[in-house]
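All chains should be modelled from the sequences, with the hints used to inform the complete structure.
As you go down the protein sequences, you meet chains E and X in turn.
For what it's worth, my numbering labels the leading residue of the first sequence as 1, then goes sequentially.
For what it's worth, my numbering labels the leading residue of the second sequence as 1, then goes sequentially.
Honestly, the hints are just simulated from the structure, not real lab data.
Watch out, some of these pointers could steer you wrong.
One copy or two, either will do: identical chains are not told apart, so a pair holds if it fits within one copy or between any two.
[Unchecked claim] No farther apart than 27 angstroms at their CA atoms in a straight line, the calculated lysine-lysine pairs in the DSS-like style are these:
no. : residue 1 : residue 2
1   : Lys464    : Lys104
2   : Lys334    : Lys372
3   : Lys216    : Lys513
4   : Lys317    : Lys104
5   : Lys216    : Lys145
2 protein chains.
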Amino acid sequence: MRTHYCGDINETLIDQTVTFCGWVHRRRDHGGVIFLDIRDREGLVQVVFDPDTVDAFNIADSVRSEFVVQITGRVRGRPEGTTNANMKTGLIEVLGKEITILNKAATPPFPLDGYSDVGEEIRLKYRFMDMRRPEMQDKLRFRSKVTSHARRYLEEQGFLDIETPILTRATPEGARDYLVPSRTHEGSFFALPQSPQLFKQLLMVAGFDRYYQIAKCFRDEDLRADRQPEFTQIDVEASFINEDDIMGIAQGMIKEIFQKELNVDLGDFPRMPYSEAMNRYGSDKPDMRIPMEIVDVAEFLQDIEFKVFAAPAKDPKGRVAALKVPGGAELSRKQIDEYTKYVGIYGAKGLAWIKVNEIEKGVEGLQSPIIKFIGDDNTMKIMTKLDAKNGDIVFFGADKAKIVNEALGALRCKVAADLNMYTSEWAALWVVDFPMFEENDDGSVTALHHPFTAPSCSPEELEKDPLNALSRAYDMVLNGCELGGGSIRIHDQGMQQGVFRALGISEEEQREKFGFLLDALKFGAPPHGGLAFGLDRLIMLMTGSTSIREVIAFPKTQSAACVMTQAPGAVSNVQLRDLHIKLREKPKAAE
Amino acid sequence: MRTHYCGDINETLIDQTVTFCGWVHRRRDHGGVIFLDIRDREGLVQVVFDPDTVDAFNIADSVRSEFVVQITGRVRGRPEGTTNANMKTGLIEVLGKEITILNKAATPPFPLDGYSDVGEEIRLKYRFMDMRRPEMQDKLRFRSKVTSHARRYLEEQGFLDIETPILTRATPEGARDYLVPSRTHEGSFFALPQSPQLFKQLLMVAGFDRYYQIAKCFRDEDLRADRQPEFTQIDVEASFINEDDIMGIAQGMIKEIFQKELNVDLGDFPRMPYSEAMNRYGSDKPDMRIPMEIVDVAEFLQDIEFKVFAAPAKDPKGRVAALKVPGGAELSRKQIDEYTKYVGIYGAKGLAWIKVNEIEKGVEGLQSPIIKFIGDDNTMKIMTKLDAKNGDIVFFGADKAKIVNEALGALRCKVAADLNMYTSEWAALWVVDFPMFEENDDGSVTALHHPFTAPSCSPEELEKDPLNALSRAYDMVLNGCELGGGSIRIHDQGMQQGVFRALGISEEEQREKFGFLLDALKFGAPPHGGLAFGLDRLIMLMTGSTSIREVIAFPKTQSAACVMTQAPGAVSNVQLRDLHIKLREKPKAAE
Numbered sequence: 001m002r003t004h005y006c007g008d009i010n011e012t013l014i015d016q017t018v019t020f021c022g023w024v025h026r027r028r029d030h031g032g033v034i035f036l037d038i039r040d041r042e043g044l045v046q047v048v049f050d051p052d053t054v055d056a057f058n059i060a061d062s063v064r065s066e067f068v069v070q071i072t073g074r075v076r077g078r079p080e081g082t083t084n085a086n087m088k089t090g091l092i093e094v095l096g097k098e099i100t101i102l103n104k105a106a107t108p109p110f111p112l113d114g115y116s117d118v119g120e121e122i123r124l125k126y127r128f129m130d131m132r133r134p135e136m137q138d139k140l141r142f143r144s145k146v147t148s149h150a151r152r153y154l155e156e157q158g159f160l161d162i163e164t165p166i167l168t169r170a171t172p173e174g175a176r177d178y179l180v181p182s183r184t185h186e187g188s189f190f191a192l193p194q195s196p197q198l199f200k201q202l203l204m205v206a207g208f209d210r211y212y213q214i215a216k217c218f219r220d221e222d223l224r225a226d227r228q229p230e231f232t233q234i235d236v237e238a239s240f241i242n243e244d245d246i247m248g249i250a251q252g253m254i255k256e257i258f259q260k261e262l263n264v265d266l267g268d269f270p271r272m273p274y275s276e277a278m279n280r281y282g283s284d285k286p287d288m289r290i291p292m293e294i295v296d297v298a299e300f301l302q303d304i305e306f307k308v309f310a311a312p313a314k315d316p317k318g319r320v321a322a323l324k325v326p327g328g329a330e331l332s333r334k335q336i337d338e339y340t341k342y343v344g345i346y347g348a349k350g351l352a353w354i355k356v357n358e359i360e361k362g363v364e365g366l367q368s369p370i371i372k373f374i375g376d377d378n379t380m381k382i383m384t385k386l387d388a389k390n391g392d393i394v395f396f397g398a399d400k401a402k403i404v405n406e407a408l409g410a411l412r413c414k415v416a417a418d419l420n421m422y423t424s425e426w427a428a429l430w431v432v433d434f435p436m437f438e439e440n441d442d443g444s445v446t447a448l449h450h451p452f453t454a455p456s457c458s459p460e461e462l463e464k465d466p467l468n469a470l471s472r473a474y475d476m477v478l479n480g481c482e483l484g485g486g487s488i489r490i491h492d493q494g495m496q497q498g499v500f501r502a503l504g505i506s507e508e509e510q511r512e513k514f515g516f517l518l519d520a521l522k523f524g525a526p527p528h529g530g531l532a533f534g535l536d537r538l539i540m541l542m543t544g545s546t547s548i549r550e551v552i553a554f555p556k557t558q559s560a561a562c563v564m565t566q567a568p569g570a571v572s573n574v575q576l577r578d579l580h581i582k583l584r585e586k587p588k589a590a591e
Numbered sequence: 001m002r003t004h005y006c007g008d009i010n011e012t013l014i015d016q017t018v019t020f021c022g023w024v025h026r027r028r029d030h031g032g033v034i035f036l037d038i039r040d041r042e043g044l045v046q047v048v049f050d051p052d053t054v055d056a057f058n059i060a061d062s063v064r065s066e067f068v069v070q071i072t073g074r075v076r077g078r079p080e081g082t083t084n085a086n087m088k089t090g091l092i093e094v095l096g097k098e099i100t101i102l103n104k105a106a107t108p109p110f111p112l113d114g115y116s117d118v119g120e121e122i123r124l125k126y127r128f129m130d131m132r133r134p135e136m137q138d139k140l141r142f143r144s145k146v147t148s149h150a151r152r153y154l155e156e157q158g159f160l161d162i163e164t165p166i167l168t169r170a171t172p173e174g175a176r177d178y179l180v181p182s183r184t185h186e187g188s189f190f191a192l193p194q195s196p197q198l199f200k201q202l203l204m205v206a207g208f209d210r211y212y213q214i215a216k217c218f219r220d221e222d223l224r225a226d227r228q229p230e231f232t233q234i235d236v237e238a239s240f241i242n243e244d245d246i247m248g249i250a251q252g253m254i255k256e257i258f259q260k261e262l263n264v265d266l267g268d269f270p271r272m273p274y275s276e277a278m279n280r281y282g283s284d285k286p287d288m289r290i291p292m293e294i295v296d297v298a299e300f301l302q303d304i305e306f307k308v309f310a311a312p313a314k315d316p317k318g319r320v321a322a323l324k325v326p327g328g329a330e331l332s333r334k335q336i337d338e339y340t341k342y343v344g345i346y347g348a349k350g351l352a353w354i355k356v357n358e359i360e361k362g363v364e365g366l367q368s369p370i371i372k373f374i375g376d377d378n379t380m381k382i383m384t385k386l387d388a389k390n391g392d393i394v395f396f397g398a399d400k401a402k403i404v405n406e407a408l409g410a411l412r413c414k415v416a417a418d419l420n421m422y423t424s425e426w427a428a429l430w431v432v433d434f435p436m437f438e439e440n441d442d443g444s445v446t447a448l449h450h451p452f453t454a455p456s457c458s459p460e461e462l463e464k465d466p467l468n469a470l471s472r473a474y475d476m477v478l479n480g481c482e483l484g485g486g487s488i489r490i491h492d493q494g495m496q497q498g499v500f501r502a503l504g505i506s507e508e509e510q511r512e513k514f515g516f517l518l519d520a521l522k523f524g525a526p527p528h529g530g531l532a533f534g535l536d537r538l539i540m541l542m543t544g545s546t547s548i549r550e551v552i553a554f555p556k557t558q559s560a561a562c563v564m565t566q567a568p569g570a571v572s573n574v575q576l577r578d579l580h581i582k583l584r585e586k587p588k589a590a591e
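Encoded structure:
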């Protein structure tokens, strides 16, 4: 139906006759002729109809925005002064000879350019219109290209694309499962996978050696953050490898994608132990574009009377730390109040600060409500340790270490964004040496990654002191976002049972939930490990989008619904009966 | 952890030291030395341990089948007379210097070679062992390569890989949906997609022009045939194309896959109208490897007294037809009885036959219980029309056309398989010109493909005589299997509503179920079409497997369960309460 895409018609085709199809992007009447900008996925081309070609002129005159047309015409150079260097096709136009209306279009629910004030709800309801916008076209095409690069890279490295089931058994990843009632097994349910974790490990036990999959995963979580009920992972697993091998492969993949699609060299990814990341950046996914660090100052504050600082300074689980913000002395009282509110989200009870006006004057050159509690001497020692300069502001956190880290870690990112302090566009690193377990408030322990992660200690050490055991896990972090993560897995049945024990999972529960995994480990499981990347987030970062919804063709809203198809929807009683379930009656009004 | 895969160690490495990992495939004691065959995904290598290397020898002596080991040794040529030309590594062996046991293995639940009498249930329960067998390794690797070829081919043709949702709205494909209760929308349910049909059409409306996806699809059907609850489609859609364009692209893809992976040239695919396929082969997916056709013989039998033939011969909806089987006169009475039973499955009430012994003797040279009913003259006219030769058998079908077609169509395939009558290994074709609708017994009509398929007639003709309307659908058939199918879709809102009307779908139901599609057609939908291939079936055919379960890593059983993970399983009441559902109480025993 066409000889060329609109966007591909250029000056090499001058004097040739071309046929193309697309949407009427703009229609103008000018000096007795009609100009149509016709759009397809490759771009726009300008078509001119003059009244000499009566039939075509009349049709062109009748078209409206978003009509679908097929046009034949002759390519010619644009008259001098009317060329457009910003347009791929800006040196030419097409003199229209024939035009066929392939389909009409009602007035669009929102304009496709200059749409910025259109609400997301209406964009999602008419997603098929929203995606006509060049930004959305570009983002989804970009996504397609990135997955293609990832696949090729992994296939060249010998990874096999193997599909794992979507209808499966409830998994222990922690989040809530989506359930699917079984018709043939009354009272039983499938779960949609939170990840293909156990299946990919079984594929290693089966000897496939290198597996990958671009896999749909599902979590029925509250979508407060930028999350989707279904999301996509680049999922990778390999056998007979160690951390260096698999991290090298993964890093190679991400570097290649950045090189090919953004022409960016991410360089070598440094590695940082978890403990260092927490200490220096208050985060296990530090944004290394930001030239600020969190510095311990407890040493100066243990013996002061001011309990707010002294108590956590003396508490082994406490932390007192400072964040020096270069140039931050200009922050207004109002801004500081806002930051105080901001760190409150993370549990911080306040946000002490010292502005450095004229450091050469000693404490006299500082401005702060807290110096009187800290003491002049201690204050100056802190300023020296921080190497404070005129114009800086120093923020303080003093609380349980967890709260201080989260509060100052988040503050560091927030201030950097507000003051645009980034020293580079991209900064990637690996975070390694994670703890195996986290202690909950009730004293129970949870796996920091998942219970199949191998510890870097012996089974005996694990048993003796689980909370100090480190794991062989690794996270890839880019610009303060976790792009992907994984670990060397446990391949020894005894070690796996040891981890289950540490997590308080009884033998019976182990058997019931993980019997097939324990079986698999018994019959000759190879050493193996892998990782998974969040594809949606990767594409979001690479395209500079503010939400993963911008890089998913048909996303769900925050309440996990599709406003376009009206999913989820009602179903018939027959369907429910077939599935052996019924709706729960609403509780009666309180009696 | 290794320098080479086992299967890659060959005579070019003689005298070099190599390290490899894998499973102990076989262990033999022979003349005081120990032979281990070590297996990884690339193949087997033979390792020899002699008692001089004491430590290694002792470890090698202790290993058992399926232990996981790492071995370092020197490659050497095998002694004359012990080489094995059938093995990639058959010219060499490795003199083992070091061996580490990476993991032990309990005795496998079934032997990994010579397993033929192992039941499928036990193979599926220990799928991670079953997949260690070279056949399964080969099949899944083959599958990975085929999907890779398909992707590359489509991407080179400008198709973008775009993901569509798994959590979606109930679709109208006809089969039963898998449902997913929503937690955030009480009483509402998502459905898992039976295909991405509507989403891919919306992507065309959105202007992506060319879309593909290797997509998981779901149908909650009874798995009597070789079906799976979840299966995989190569799903394709394009805009501004006609049948020839999209069929050319699809055919090119399949031809390339066969050429690259099997070194088979499938040639040009002929096209055959649906009506011809039904008449000549009794099937809309004729197996063209079989040199037999179904031939109408009603013309000779309309006026005879024998009602069994005469009635359908005169009925416009009836059919009387013959299938001549060359060499079939050798079939025993018992075999014929079995075929009679076989066609009974398709509703045939009997299977009349005539054996051709000595055709030169006229009816005297024939053997049949039915000649006396047909009459000598009619019999010989039929023999002449069929060009019957000595040694043939002729089977007859006489009933409603649908029954005759199905019965003789199936018999044709069955006899061809039994007598190995195939004239080629592969035979592909397109079946085209399908009817838009089928009439049900109650007089209502159903879409033969789906209600989004474009008719090849005008809206007015469709309205006037829907049952005679043909569609712009096309099926690709290979060796009697439907590999894929698709159609040019309706892009005109009025036409779409006309088809919905013909199907008896009220305006209100149209709006409720397909409102978003009708909206999309209203806002400038381009002409478009596409198709989908059944990936599982394609791989099954290409690998000569007898079931799609053989080409899926973790398939479900016939009762839609996973015997390995024990899915589906029980869930807690808390989970059900969160989803606003409960289990239906079992009905009390009859009162």
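Outcome of the hint check:
no. : hint              : result
1   : Lys464 <-> Lys104 : between (74 angstroms within a copy, 25 angstroms between copies)
2   : Lys334 <-> Lys372 : within (22 angstroms within a copy, 108 angstroms between copies)
3   : Lys216 <-> Lys513 : both (22 angstroms within a copy, 26 angstroms between copies)
4   : Lys317 <-> Lys104 : neither (68 angstroms within a copy, 42 angstroms between copies)
5   : Lys216 <-> Lys145 : both (18 angstroms within a copy, 21 angstroms between copies)
Checked against the numbered hints above, the structure breaks only hint 4 and satisfies the rest.
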